[in-house]
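Asks: So the chains spell out like this:
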Amino acid sequence: MRVSIDWLKEFVDIRMKPEALADLLTMGGLEVESIETQGQDTIFEIGVTPNRADCLSIMGVSREVAAFTKKSLRVKRPKSLKGKKRMADFITVSVKSPKGCPRYSLRVIDGVRIGPSPAWIVRRLVSCGVRPINNVVDATNYVMLETGQPLHAFDYRFLRGKKIVVQNFRESSNFMTLDGEMRKILPSDLLICDGEGGVALAGIMGGKNSEVSDSTTTIVLESAYFEPTGIRRTAKRLGLSSESSRRFERGVDPAGTVNVLNRVTEIICEIAGGTPTVDFIDLKPQKILPVKVKLEASEIKRILGIDIKLPEAKAICERLGMKSAKQPKALALTVPTYRPDITRPIDVIEEIARLYGYHRFQATMPQAKAAPISLPKYFAKKSAAREALVGCGFSEAVLMSFAAAKDHEPFTGFAPAPIEITNPLSTEESVMRAVLLPGLLKAAATNISRQRTDVRLFATGRVFHRPVAGALEEPLRLAGVMAGRRKIGSWDGSKDIVDFYDAKGAVEAVLNTLNLGKLAVWQRGDEYPFLHPGKSAVVLVSNRRVGFVGELKQDIARVWDLENDCYVFELDFETLAGLSLGERPQFSELSKFPFVERDLAIIVDEKTPSVEILKVIQNSGVSLVTEVAIFDVYRGKGISEGKKSMAYTIRYASPERTLTDEEVNTGHETIIRALEKNLGAVLRT
Amino acid sequence: MREDLIKKIEDVKREALHEVAVVADVDAAEKWRIKYLGRKGAVPALLTEMGSLDASERPVVGRQINDLKNALSSEIELRIERLAKKSMEHAISKERIDITLPGRVVNPGHRHPVSQAMDYVVDVFTGMGFSVFEGPEIETDYYNFEGLNVPKDHPARDMQDTFYVTGDLLLRTHTSPVQVRVMERAKPPIFMIAPGAVYRRDSDVSHSPMFHQVEGLMVDCGITFGDLKGVLTVFCKKVFGEKHGVRFRPSFFPFTEPSAEVDISCVMCGGTGCRVCKNTGWMEILGCGMVDPEVFKTVGYDPAKITGFAFGMGIERVAMLLYGINDIRLFYENDLRFLEQF
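Residue numbers (the working numbering), protein chains in the order written: chain A, 1 to 685; chain B, 686 to 1027.
Each hint should be verified, as a subset may be incorrect.
To be verified - Keeping only pairs whose Cα atoms sit at most 35 Å apart, straight-line, the calculated DSBU-like set for lysine-lysine is:
1) A:Lys292 <-> B:Lys872
2) B:Lys963 <-> A:Lys208
3) A:Lys17 <-> B:Lys922
4) A:Lys382 <-> B:Lys872
Unchecked claim - Computed Cβ-Cβ distance ranges for the label pairs, DEER-style:
5) B:Thr957 <-> A:Asn174: 54 to 62 Å
6) A:Phe379 <-> B:Pro787: 34 to 42 Å
7) A:Phe379 <-> B:Asn792: 47 to 55 Å
These are computed hints drawn from the structure, not numbers from a lab. We put the CB at the ideal spot given by N, CA and C, even for glycine.
Build the full structure now, drawing on both the sequences and the hints.
Replies: Given below as structure tokens:
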């Protein structure tokens, strides 16, 4: 709401500088968002909160200034202008929907001359951001800005049947509003009608058919109180928000319609001439009485924590226009009708706190017993996993939860169809993601397109699934992407690029930090259509699939403009963290005896996985083996086609004694024989 | 005879010590050692000459020769040690690397600034005894609005433009629904915060359709507006620094009354007024207020006995203020040049 200080001064004495006034209003709850100088005048842009319909007017803001500065408000008494003709000579009025329209006031002015408004009106309107149209329309806008009461002027010539009926139609109909748009009107929409049909969409916008134009001579002025919820519903449905609907839907003063009608009559007669009727119509099919609130003195202290004595509280309430009667240890208050936000004791307490000044409250610390705090189940696990990946050189990305539906196509089969948003901002953001990877691939592509080709990114976040039956699920996921060089920023190292094992290493780091490293089982990931079938794996922990890691298939990578080899992983973090909860490292004694190491190189079939060799060694019955470490994998010269050489260091030790050479040799021989027998391995010598 | 031998001993000693002083390398030292202490060296030669002495003279002279042997042994050891040190230093003096080349490090990644700011805020509150709860991001209209005293067709809904999934399911516009869910299950006292992603249909330099919030709730018998000021002042000073001014001014939220906005003195200009704070010297950091009695009624608390306060803040905003970031969209591009600054 734009507010002119000059205009405020018509209603209240203001001696302070604009900056000081802005500060006063801001600290009183009417936030001055900007201050603008216009000639001699200063304009405030005030952010009016939705509860303060009254402050969408100069008078309302003036009342606030008066209350804060303890000045009295200058109330304007419009001149009582009366012609000879009666309302009955022009028009008959009825309200058929009393719930939607508790009060309806009308007056006719005859013989007006439409033309431009005088400068003082134009200046005020422009300063408040309203475009001048003609003297009659400008007068209604002027008075709306001044009082907060929206007004409407009909051209009397176009009111068919010389009557007005406020009603809801039983059937849907079409109606053209002032802006030239054809609108569909439902039975729930309140309509101002003449003898034949709609002439205004109540409280929102007038009709094209009864608009005031240059040839208008007789106008019918409407000043009404419409029920807020109905106005809001219609305005919202039609996507039609006007200065008028903004005020009605927040609640205007039901007691003010006639005063405002007199005020606008006064101005129109002054700037457009014309003669008003001797009387006016004021229908009140539903009485709206001032609200009464009883405030117990003890409540002030209980909520605010300080003792504001009753006389001070009473004075504050009176400054805000409430009438008060003192009772023992309580106040009986009558709230003015222009403050529909005050209906309960807590509302009055807020007003007291506001006028007392928030800055005057002592900051205290609550009296609370010490109690242990609780954290979400996976909170610490999530932090640990993030740190593990940061340690592996991955930076954390924060991803939008939105995605395009087409982003999910490559992941069909892995993820369910994504949940759609009914009113998305764009098709790129039209669904809730069911997989994390698309967002991460987009981030990787952004970096690569900006010449940053070494990329390691991870993200944690929820994905959104709608199961066939049951409630929506939002499982927590952890995903990563890597591409580019293995050693980033190195001046002497290799120029090797990352491969499957770098990505697997990152996943292992996460599993290890969750104490699940030893429980993980790796299987080929060839059923995922988006992964390279030969360079991908599925991770299982305790027989549950917890994720995958592998090279993104090239055609999928190209969807995101990723030209380089791109390795990805996505883990079901919720499940992993759950499995991790029961796992805790268990201490084993540090051996006091030395260990012995023996190396071993065998030639096996290309298809023999490393894990099989490990199993044979572990199951060979040699109990002295404490560690098996692979140190070389070799194919090429000296090794026949279809074979590979695998070299291991096997560590032998006993917790009870130093081992003899003979024992170790026997053990090592046993292992070699087991490898030969079970895998057809040939010892390399 | 004895005198002759003693003189010989003296001569050998003098000569040996004279020569040892010019031994310049390990080879020369070895030659010297062979010459004097070797099997056929000068010192063993002296011992063979002892045979010509009287038996009574032998122990005295023998000791002298032995002393000489010891003295020469330690002398040459000392010399060798010095030579070794010298040659080591010589070698070291040639080993010069370019210390201006970059260090060789494992390159750890970086945590996202929003996630760091989130941890920071959460840590401050858990340190003050607040528990942490989470809730669904696709919420029902009830928990997001109605349970928080925002009925359908209330103008306050315009404050938070909403994404819908169905008529009743929406993307939560704040993490306040978690407060309702927790209060439905537990009795006071409740000290809690709810961190998480939230969604509003809004997109520009300072608004993102998704952002992160931490909302909090402190409910018990006897919690007052003064306590709200106390707890949130401590919070602001912990996060932004002790010297920052904090002010509370009246505002409106449908689920709190009285309501307040909390400003801190501008992190850019310190309060004197600049472009960033629109010359006010203040920056809005969080919204808060005393829990509205209607909210207590919907979760089955007796508002005549229970009071409390609630608050909420945007974490992107906290991160923007802490790190001086001027465009909220930078957070979601995940440009590594950006991420690596934090």
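Asks: If a hint holds in the structure, say so; if it doesn't, say that too.
Replies: How the hints compare with the structure:
Distance restraint check for Lys292 of chain A and Lys872 of chain B: the Cα-Cα separation of roughly 33 Å lies within the 35 Å cut-off, and the hinted pair is therefore satisfied. A C-alpha spacing of about 42 Å is found between Lys963 of chain B and Lys208 of chain A, which places the hinted pair above 35 Å, so the restraint is violated. Only pairs whose Cα atoms come within 35 Å are accepted, and Lys17 of chain A paired with Lys922 of chain B is accepted, the gap being roughly 31 Å. With a CA separation close to 29 Å, the supplied pair Lys382 of chain A and Lys872 of chain B stays within the 35 Å bound.
Checked against the hint of 54 to 62 Å, the C-beta distance between Thr957 of chain B and Asn174 of chain A comes to roughly 58 Å, which is consistent with it. Checked against the given bound of 34 to 42 Å, the beta carbons of Phe379 of chain A and Pro787 of chain B, roughly 37 Å apart, stay inside it. At roughly 27 Å, the beta-carbon separation of Phe379 of chain A and Asn792 of chain B lies outside the given 47 to 55 Å, and the hint is violated.
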